[in-house]
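Number of protein chains: 2
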Amino acid sequence: MRIFIYFLPLIFSTVVYAQTTTYERDSVMLRKIHDQALVNGKSYSWLEHLTTQIGNRLSGSAGAEKAVVYTKEELEKLGLDKVFLQEVMVPKWIRGIKEYAYIETESGNTIVTNILALGGSTSTPVGGLKAGIVEVQDFEDLEKLGREKIEGKIVFYNKPMEPRHIQTFTAYGGCSHIRYSGAKEAAKYGAVGVIVRSLTHSLDDYPHTGVMSYGDLPMDKYIPAAAISTKGAEMLSSMLKLQPKLKFYFNQTSYMMPDVLSHNVVGEIKGSQYPDQYIVVGGHLDSWDVGQGAHDDGAGCVQAMEVLRIFKDLNYQPKHTIRVVLFMNEENGTKGGLKYKEEVDRKKENHIFALESDAGGFSPRGFSFTSSKEDFERIEQWKSLFKPYLIHYFEPGWSGVDIGPLKKDGIVLAGLHPDSQRYFDYHHAESDTFDKVNKRELELGAAAMASMIYMIDQWGTIQHPVE
Amino acid sequence: MRIFIYFLPLIFSTVVYAQTTTYERDSVMLRKIHDQALVNGKSYSWLEHLTTQIGNRLSGSAGAEKAVVYTKEELEKLGLDKVFLQEVMVPKWIRGIKEYAYIETESGNTIVTNILALGGSTSTPVGGLKAGIVEVQDFEDLEKLGREKIEGKIVFYNKPMEPRHIQTFTAYGGCSHIRYSGAKEAAKYGAVGVIVRSLTHSLDDYPHTGVMSYGDLPMDKYIPAAAISTKGAEMLSSMLKLQPKLKFYFNQTSYMMPDVLSHNVVGEIKGSQYPDQYIVVGGHLDSWDVGQGAHDDGAGCVQAMEVLRIFKDLNYQPKHTIRVVLFMNEENGTKGGLKYKEEVDRKKENHIFALESDAGGFSPRGFSFTSSKEDFERIEQWKSLFKPYLIHYFEPGWSGVDIGPLKKDGIVLAGLHPDSQRYFDYHHAESDTFDKVNKRELELGAAAMASMIYMIDQWGTIQHPVE
Chain B
5 MRIFIYFLPL IFSTVVYAQT TTYERDSVML RKIHDQALVN GKSYSWLEHL TTQIGNRLSG
65 SAGAEKAVVY TKEELEKLGL DKVFLQEVMV PKWIRGIKEY AYIETESGNT IVTNILALGG
125 STSTPVGGLK AGIVEVQDFE DLEKLGREKI EGKIVFYNKP MEPRHIQTFT AYGGCSHIRY
185 SGAKEAAKYG AVGVIVRSLT HSLDDYPHTG VMSYGDLPMD KYIPAAAIST KGAEMLSSML
245 KLQPKLKFYF NQTSYMMPDV LSHNVVGEIK GSQYPDQYIV VGGHLDSWDV GQGAHDDGAG
305 CVQAMEVLRI FKDLNYQPKH TIRVVLFMNE ENGTKGGLKY KEEVDRKKEN HIFALESDAG
365 GFSPRGFSFT SSKEDFERIE QWKSLFKPYL IHYFEPGWSG VDIGPLKKDG IVLAGLHPDS
425 QRYFDYHHAE SDTFDKVNKR ELELGAAAMA SMIYMIDQWG TIQHPVE
Chain Y
5 MRIFIYFLPL IFSTVVYAQT TTYERDSVML RKIHDQALVN GKSYSWLEHL TTQIGNRLSG
65 SAGAEKAVVY TKEELEKLGL DKVFLQEVMV PKWIRGIKEY AYIETESGNT IVTNILALGG
125 STSTPVGGLK AGIVEVQDFE DLEKLGREKI EGKIVFYNKP MEPRHIQTFT AYGGCSHIRY
185 SGAKEAAKYG AVGVIVRSLT HSLDDYPHTG VMSYGDLPMD KYIPAAAIST KGAEMLSSML
245 KLQPKLKFYF NQTSYMMPDV LSHNVVGEIK GSQYPDQYIV VGGHLDSWDV GQGAHDDGAG
305 CVQAMEVLRI FKDLNYQPKH TIRVVLFMNE ENGTKGGLKY KEEVDRKKEN HIFALESDAG
365 GFSPRGFSFT SSKEDFERIE QWKSLFKPYL IHYFEPGWSG VDIGPLKKDG IVLAGLHPDS
425 QRYFDYHHAE SDTFDKVNKR ELELGAAAMA SMIYMIDQWG TIQHPVE
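So the protein lines, in turn, are chains B and Y. Here this note's numbering = 1-based position in the first sequence + 4. Here this note's numbering = 1-based position in the second sequence + 4.
Bound-form chain B, shown alone:
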């Protein structure tokens, strides 16, 4: 009896869905989408070009502009109804010459260690900065220590990412405020610089950069901030226990320039039934200025492009207008996402759904949704269609930075949810390169996205159902 009750769900949900829809038609279409992605997939070769031929793509860099040109050209080859650029002013931060850092023991020996300036950080004084170092975990430790123990020192934030969380993004969320605001907070106590343990579970030699901000700190109070690799952080911490008066030296020549012109890249297939209702699928074209921006977020861009490629090659004529948007400047400003929203408002374009892929090109497990409860529950009824592809993790949650500005009542936002275990091994580091991306995992992610976009196109949303 227990068993009978247990099996009710599958029977019922299928029956109900089948009664009200053409379940088989959708099921066949998802199979075709997956076959297209796995047999004729373009995403992997696009990614190879974007990462190995163009390389990293920080906003305002030559790489970013090459990526705009390249992806626009590739979208034009697909025979979409429209491909265009959206002008957007973006911040331009320059890393300068390669950073240099060492630990100086109490007896004067030096041990070189790997660092990377945090994105947005100011430079050290000319010739570098050498000072005593004080280790803390988080901001509350600054208050405990007080100005007396911090002034004139370099603050070393050494909070490891929590290993217990199953989803690594949760652990990242527990530490990212330190990278973002660590310099601002330490400066308030008179610190002269900040060294932040890299945000990764991996114990290795790669420093991981990422955006930081001085917030409302006056410019003359800015202090330089850099990430140290996790192995470097472990060594520094061990040495500090033995030699609390050791010194840390680092030199970086990073600086902000005035904003420069860049672009979002947009391509669209016009809807046959609801041309004025828009469905967006996207990723961000910019990356940090180290490695190749392969998982973050070259993968998301080529997957979003692949969704439209699949529809074209399947001769699928969508009911709604479907847009791929490659956003510029997710990493340090979200100017592309904000600009896109500005244009949506200006043109009064009605957006019903947006899906972003910005969690790496790993094996997809499903989606997280930012939506009304009713919309989520409606989408949940499609789960059994997605299960054969093992992409039936459907949970309320985070969607994406770039589509975030589109949020309003009635719109459904979603994020592709790949397996998250390896993401922070490569995130914002030299190691985020093409060879870390598995072809099939990337392709399956694109197929998952195309499947969800197809279902939304067929059924619409609560506020905008397909009649």
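Keep in mind that the hints were calculated from the coordinates and are not lab data. A hint or two may mislead.
Heads up, the list lumps identical chains together, so a pair's fine if it works in one copy or across two of them.
Unchecked claim - Listed below are the simulated BS3-like cross-link pairs for lysine-lysine, each with C-alpha atoms no more than 30 Å apart in a straight line:
(1) K157 to K134
(2) K192 to K245
(3) K235 to K36
(4) K163 to K377
Given the structure of chain B, go ahead and fit chain Y onto it with the hints provided.
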């Protein structure tokens, strides 16, 4: 209303389970198991030693024997109730000197290509074998071609693994008979050698070896068989279209030796309530003789060891006797699995459950079960407990080669089901090395296994329920 019906399952299954069990206790235990694996995990450092210090471990090799000694010592450190070796005679196949192969064009130019002798293959004639080559996909093509077109030639099996299957093991299953029996079948038509396209979706330069058999062919009819990399296969196939009379040369000096003595490694914690009922968790200690046998199956061994380590460190006293078994000779004989079963029968040990990890140390997604329908449906009721760890893929299916001989009415066999996309990139190739294993993915697999073993220990099976 549809939504209400849709949500019935979750409500019901939880209620029923909660009514009949202490759901919260089990839930807390699964959390503790995961914390242990992720915070104090030993599996990754064991694997590092097994792969980088010992290396590959073909049955009968020095590496295999070192692995027996090492894992026995490590199990002894855990303070188990018993650790012992089981003697087992295993085949000993020797690869000999490094293979050498080239394509010779019709005009006499040569292009060197990568091959690996298949495990169990005989050598080429002294000085190597050069012959014309005929390309086929599968055995039915041999019949179509007939003896006339095959006699005196090398048969080149060039059947790619099907990319459409979501689970890569399904695609492997569609091709592995060619590697296993390709030489035997081709020899019937007078072929002088066999070259088999490597069993991987990846397009790269690594040949992938694996077991083959001559079946009932008389020994004087044996012909040498080797795997060619997928890139090599593509090149050879292209060239054959242009130059059907090109020749292929290969030299290999592989041969079989008489069987030698080796061992299964067994460790156990005595059960408090049902000491005579056994639960087994295992992997296989042998590997192929290339790479480091990291995913296949160093990962499975250290995960199985980790299950008992976790129970010891949590001071968990199992109700049943829980055994870790590291099987010898999965790759080319299953002698370890057969020997274990022989001992079980001889000692009349009652086995109620066995779980094997032999699908790589990738992010776990759940389990497949070989069991009665009733046992499967009972276990399915635990799904919601496993969902927070994203390991709730529970499906009937394959369990494992080594535990296969234990199969009989009433016993439940299970296989850990990790994400399968990358497995065949490394399978039986030089590239199956420690650096391909992600620490957290490996640890989460061990935690998934410990969770399932715990649940079986708490609840038993249909034939052997815990009272």
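Exercise. Check each numbered hint from earlier against the structure, then list the numbers of those it violates in ascending order.
Key: 4
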